[in-house]
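Residue numbers (this note's numbering), protein chains in the order written: chain A, 1 to 279; chain B, 1 to 663.
Hint data in this document are derived by calculation from the structure and do not stem from the laboratory. Just so it is clear, CB atoms sit at the ideal spot from N, CA and C, and this is done for glycine as well. Any given hint could turn out to be false.
Unchecked claim - A few chain B residues that face chain A, going by a derived Cβ cut-off under 7 Å, partial list only:
id: 1; residue: Asn48
id: 2; residue: Ile385
id: 3; residue: Thr436
id: 4; residue: Val540
id: 5; residue: Phe549
id: 6; residue: Gln599
As the list claims (entries may be wrong) - No farther apart than 20 Å at their CA atoms in a straight line, the calculated lysine-lysine pairs in the PhoX-like style are these:
id: 7; chain 1: B; residue 1: Lys216; chain 2: B; residue 2: Lys226
id: 8; chain 1: B; residue 1: Lys146; chain 2: B; residue 2: Lys107
id: 9; chain 1: B; residue 1: Lys373; chain 2: A; residue 2: Lys97
id: 10; chain 1: B; residue 1: Lys472; chain 2: A; residue 2: Lys266
id: 11; chain 1: B; residue 1: Lys229; chain 2: A; residue 2: Lys101
Unchecked claim - Cβ pair distances, simulated, as ranges:
id: 12; chain 1: A; residue 1: Arg190; chain 2: B; residue 2: Ala377; range: 27 to 35 Å
id: 13; chain 1: B; residue 1: Leu390; chain 2: A; residue 2: Ser161; range: 40 to 48 Å
id: 14; chain 1: B; residue 1: Ser295; chain 2: A; residue 2: Asp128; range: 22 to 30 Å
id: 15; chain 1: B; residue 1: Leu509; chain 2: A; residue 2: Arg190; range: 46 to 54 Å
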Amino acid sequence: MLKRANLTGGLSMLILGLILLFSFVPVIMMVTMSLKDSIVIFGDFWAPPFPPVWSNYNSALVDLMGPAIRTIIVAAVSIIGITLFSCVAAYAFARLKFFGKEFLFYLVIFIFLVPGVLTLTPSFVLADQLNMRNSLAGLTIFYIGGGQVFSIFILRAFFQSQPEEIFESARIDGSSEIHSCFAIAVPLARPILVTLAIMNFLAIYNDLIWPLLMLPSRDNWTMTIALQAYQPPNEKLPGRPDLGVITAGYVFASLPILLVFAFGMKYYIEGLTSGAIKG
Amino acid sequence: MSQASPALPEPTKSSAIARIALVVLVALLVLLNVVYFGFLRQTGNTINVSQAVPGGQVIQAIALNEHQVVALTADNRLIMVQDGKAGAEKQIDKVITVLDTSADRTKIYGGTTDRDVIVWDSQLNELNRFKVNGRVVGLQVDADGKLVIGYGIGKFTGKFWIGRYSDSGTLDYQKQVGIDLNTVAAIGQTDFYAAVDGKLGAVTPDGKDVWRVTAKQPILLMDATKDGKLVVADERGAVGLYDITKGDLLWYQTLSEYPMRMLAYDLTSNKIVAGDNDGKVFMLTMDGQPFYSTSVSNSPLRSYVHASEEDLTVVTGAGEWVKINLGLALGSQRQSNINLFILLGNLVLILGAGTALTISTPRLQKPAARVVKQIGASRTAYLLIFPSMLMILVFAYVPTVMGLYYSFTNFNLAEPIKFIGFNNFVKIASDQFFWTGIGNMLLILVTSLIKEFTVPLLVAELIFWLRWSRIKYWTRVAFIIPSIVPGVVGILLWKQIYDPQIGLLNEILKVVGLGYLAHGWLSDASTAIWAIIFTGFPWVSIFAFLIYFGGLLNINREIFDSAAIDGASAWERFINIDIKMISPQLRLILFFTFLGSVQGYGGIWIMTRGGPGSSTYVPGLQMFLQISAAEFGYASAIGFILALVVLIVTLWRFRFNQTPDEA
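Given these sequences and hints, build the entire structure.
The following block contains the structure:
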């Protein structure tokens, strides 16, 4: 019996290993190419990256540092804005009684049903009319506005699951609602907040279509726009892409996500596997 | 916090006052509406449209009298129209460009592209025909029965003349006036011409230039007024009046965003009648003040038939005979102001009466006070939700409403925005790019579902049933690592893999001896869409994997144990327990995959931009490209269709989710 279990276990490991290997192909290709000279890549595709050409990274860093910083600032401010405003609103919807609460929450749910394809064109026109195009601040405000509905939805459900007694006793102790929100509800919701922050970060960092429409000028380009248009000059092989530098740029662009996963993976996995996030 | 409502200090006294106020307000309300419906409201048709020329595209029409016009159609027929009814018609063997009548309106003159001027009597019998030295572009008959004709050769050639002829074809003078002419006119002994470059000139019959000025915009139409002034209409929707002694512009009035297609001075009413390309008609006083304007059609105005203080009759490009009752029409412009006033008055009075009623009725006092108090007491709550609600309003509701509206407009940067009904959708229905896109979208949807339901589920199952918890943990982590590559980078890497010059895929094929298969996977229309679908192999979607894994974790162990005791095989267990227990997760992934397939196109944009040709179009991408081309109306309409599809599936999912397993 034990032997058979080991056999199926081994077979499972073999299949998993094979799938894993294929999953890693693009990553391996990216990393090895980023350490090779473009002449070598075009000359002998399969040549190992020895000795590694670190200068690719110097070039890529110089070119892409601007977009990287811009994107991270936009993402950070957007996440703070989304979290702050949706926390207080979700708290009010979950814990407070007020006139028109049902109606207002239905307004939130209803707009949740409207797909993004419908609002893309008018949002572009709106941004243009509000003079928010070609501005990182404008992009950020749209992200904050666009992130509200989903976050309120998730957080309200979470806040509702917190026991009412804690808040009742805080009220008796004279705690204001805003204080209760930030001192009790928000700290208890930390896992879900981190999950939401990671999801928002991934969404904003990976977003291409909306920044493409919002930021026509190269001076404002975010990481995704800069990457898809990245064509560093290739002095050694004119007319051919400098694949070494380009792939070094790709590796550089992956680092922020690596960092976010390193710190928040536990929350992210918990968030997705616990079933808290269900569309 | 627990104060009594400040709105009700002394119940008895205030309710007495409120009762009096209520009676007064209701009386006013009744009075206002009686006066309105009894005296101020007008009814009746102001605009009466009849189809005069069946199916005909009218290029120009010329009035013979108050009831009769001769209409020229696009297929070169002259049709007599009497009070909106088509009568006798005559097919002409030449392409007629311009028509006019003699001052007594007994003769009709037409100029052709073939250098002819033709003369008919009022029964359309041809009287005479003579040649001029070029294609006729303008023709006007002056008070003495002389014909002032503009004609020329070619386009933008400078070979254009203005000339004066008798109706038998004798030439008085002709003068070369440079660049292409739009139209000509005559007042007394002076002739006028207007050119495409905006030049406006006056010539005397001995062929001398009197003056030449540059108009604000190229003039399309000209006419003479009673007191010998020249009224003009231009291609930017403006009408102007010139003094003819020196060519001074007396006034200039922009009326429309569209070019003017009709212009006449009306002797009876002493007004200027103009019409634009968008079916709007304008009446102006002689000092340039708008007197009346209305939209009468969707097609350009072509001719005015008759105008007086009471009515105005015009003919449109679609052959409609439009009669406007001016008395009623002008009244209705005043009427709309009165209507607004009455509406606001009613609103204020009803609100006032409602408030008075609430205060004066004891039974309503308490609930009303409670609502007022509640709103006051929930200030904190309103404050907390205010920023979010404001943003949702501005960034979600406003675009939604705008998007719905734009779908039914022609919104782009070239023309003024205009409501066009279902035209966008009609156009989409026959848009080959759209249907190619729908086909690709369905293909991507089906293959995505297959991808999301197989590999991630297999990986989740295999890892979940691994016995060694340490390995289990690290395998899970290992599968997440490739997803640190940002989505855009992932796509770019795959684009690199497909690269015809130095792509991994071709290199691998060469190594294993299949080099003859190597080609540009994305630049070949027959493989491009499949290359896009294959992207991301082996398709371990980390999101789906974690959702499935979470679902498996949440299954009660006892179920597995009892299955093991019953001697169920791994396959039986998988089918009967695992799949069943994680069906909510499967439905979630089904839903997200659907959303992603319908709304996702960023990857395709990076890989192929929809090409080669239209082979990798999807509707979302087409929408994005239409936005980039500033065709916002059309883009919104595509978005509207996709949104409808998504909405239907979303609603179906919510309904489905609520029935069996959520309870």
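Hint-by-hint comparison with the structure:
1. Asn48: Cβ of asparagine 48 of chain B sits 38 Å from chain A, so the hint is violated.
2. Ile385: With a minimum Cβ separation of about 4 Å from chain A (threshold 7 Å), the hint on isoleucine 385 of chain B holds.
3. Thr436: The hint is violated - threonine 436 of chain B has no Cβ within 7 Å of chain A, the shortest such distance being about 18 Å.
4. Val540: Cβ of valine 540 of chain B sits 5 Å from chain A, so the hint holds.
5. Phe549: Given a least distance of 6 Å, the restraint on phenylalanine 549 of chain B holds.
6. Gln599: At 5 Å from the nearest chain A Cβ, glutamine 599 of chain B passes the 7 Å test, so the hint holds.
7. B:Lys216 with B:Lys226: Violated, at about 24 Å.
8. B:Lys146 with B:Lys107: Between lysine 146 of chain B and lysine 107 of chain B the Cα gap is close to 12 Å, so the pair holds against 20 Å.
9. B:Lys373 with A:Lys97: holds (13 Å)
10. B:Lys472 with A:Lys266: Holds: lysine 472 of chain B and lysine 266 of chain A sit about 15 Å apart, inside 20 Å.
11. B:Lys229 with A:Lys101: violated (68 Å)
12. A:Arg190 with B:Ala377: 27 to 35 Å: The hinted range 27 to 35 Å holds for arginine 190 of chain A and alanine 377 of chain B, with Cβ atoms some 31 Å apart.
13. B:Leu390 with A:Ser161: 40 to 48 Å: For serine 161 of chain A against leucine 390 of chain B, whose Cβ atoms are near 27 Å apart, the range 40 to 48 Å is violated.
14. B:Ser295 with A:Asp128: 22 to 30 Å: Holds, at about 28 Å.
15. B:Leu509 with A:Arg190: 46 to 54 Å: At roughly 51 Å between Cβ atoms, arginine 190 of chain A and leucine 509 of chain B fall inside 46 to 54 Å, so the hint holds.
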